[in-house]
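Colleague: Residue numbers (our numbering), protein chains in the order written: chain A, 65 to 464; chain B, 624 to 773.
If you're looking for bench data, these hints aren't it; they were derived computationally from the structure. A hint or two may mislead.
Chain A side only, calculated, beta carbon under 8 Å to chain B, not exhaustive [what the hints assert, rightly or not]:
#1 139
#2 140
#3 143
#4 148
#5 152
#6 331
#7 411
#8 413
#9 426
#10 463
Don't be surprised by glycine CBs; every beta carbon is placed ideally from N, CA and C.
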Amino acid sequence: MSDEPVTGVQSILPEGTQPTPMLPKGLKRVPSGVDQLATEHLILNVGPQHPSTHGVLHMLVELDGEEVIAAEADIGFLHRGIEKLAESRRYHQMGTILDRADYVSGFHTETAFALATEKLAEIEVPRKASWIRSLVMELNRCASHYVWLGPVGMDAGAMAPFLYLMREREMILDVLEAISGSRMMFNYVRPGGVVRDLPAGIDAPLRAWLAIADKYLGETEDLLGGNEIFRARMKGVGVIAPETALAFGMSGACLRSSGIDFDLRKARPYCAYGEIDFDVPLGTVGDAFDRYKVRVEEIHQSVRIVRQLLDGMPEGEHTSKVAKALRPPAGEVYAAVESPRGELGIHLISDGGPTPYRLRLRSPAYYNLGVADELLAGGLIADMIVSLGSLDIVLGEIDR
Amino acid sequence: MPAQRVADILAAAGVPSAPSDELLGAVVRLEASRVADALAALLAEGFDFFLDLFGTDTGEAIELTYHVRALAALDDVFLKVVVPYDGEAPSVWRSYPAVLHAEREAAELLGVSFPGHPNPKRLLTTEGCDPFLRKSVAVRSAEEVRLPRE
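Pulled out of the complex, with its shape left as it was, chain A reads as follows (with noise of 0.2 Å):
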């Protein structure tokens, strides 16, 4: 420090300038912000390694103080290249690569990529199949949406749900474990039905997780929904309009909260979900607590289905026959499902050969993550974490 006393104003401008007149007493300088210079903007790294990118995700961000000017999501810190790797892999290899990509949900891409490779080489699959099928999935909707519920929840400040919830998740894990012998990578659907029939005794652990799962989530509902600092946190922040859903051709429930009625398995209903009774639930303002809303909803909705496809299990095989190396006639085909996150489809194009010729993973939250530029700028850097987090983004599907 100098031991020189500041005697004046004089004493800390830069040399050759002279003190602004009417500067009121007691004042050094002009305080920031009132003398018309135009703040600098600063480049933001946020990402990839940050818990609440949710997973490895690297956004640059702009900032003018708090406000966001552009943002751009720079991806593919986890490409594996999955699309070419199933280029080298037989049809029932499938599943352990496409799990990789979805590794919240991989029954939905398991599924997918069946029913694509089932419409190519017209293959029949049983009826008890499409219904284990349906089942898994939904429990795994169940799970996926759990393991969104609460990082979201952590990224508005509260801890406590997240804690809730993975113990709820656990049983269904636990469930999903018996079934398929994995916690998540599943490889169990294959083309032609399911690798083995449901295990003897699942109807009891499945049966308590369906006798809680209504009561706890409505207690996290409490929590969460009805906490005044989440709501504040959650209401108007992120509104993505109708229109901005449809242009960036965002899926599933991030759609679905932007009021848009489009939900695949009502509008082309596959494995057992034409003949099951359940609701799509739609938002209004399209902000990031109608897609908790809404994402809380299809929670209530899959445990619902759970429970009529547990009531209605068709008796019979689980699987039909398939040659062990399946060679699909030369064609090309589309086949969608509605994974937590929105359309996930599987476009295939075999030559006739023993692996595909190309394979397309259709990923809903690379789509849905499109937004992203647009849904942050103009918004605060706050509340940037909170509009990403309610995308519900799952790195592995996004970079494939």
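Since the structure of chain A is already known, use the hints to place chain B on it.
Modeller: Here is chain B on its own, set in the frame of chain A:
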């Protein structure tokens, strides 16, 4: 919707095309240079939902497939254009902003370009990566790529 109806919509917009109904659905093939006009015409006719754009190496050229849907009527249309290796197709982001990421991905993974794209950077891979969705680029194992240790 039959492919012929789609071809009629495109013909009204002055874009010649070859329709065919396949296992995939309504497929319409056209010149790569006219794809932006074609998609603008489809958007005006109610095809409001863009699903996907991806490229396939046919062994002779790159085939680009644009998948759009009319949500209300639940009609799917697949537009196919063929561009030579290192060729180009106009960017269609002014009709469907959803294509912005997909065009960048197709460009880097198949070695084609989309003139008119506002931000034509790489998306998934880093500089120097081969366009590895081409059939001429072999899949290499981790052992082959990893550098030998001392």
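Colleague: Broken hints, numbered, in rising order?
Modeller: none
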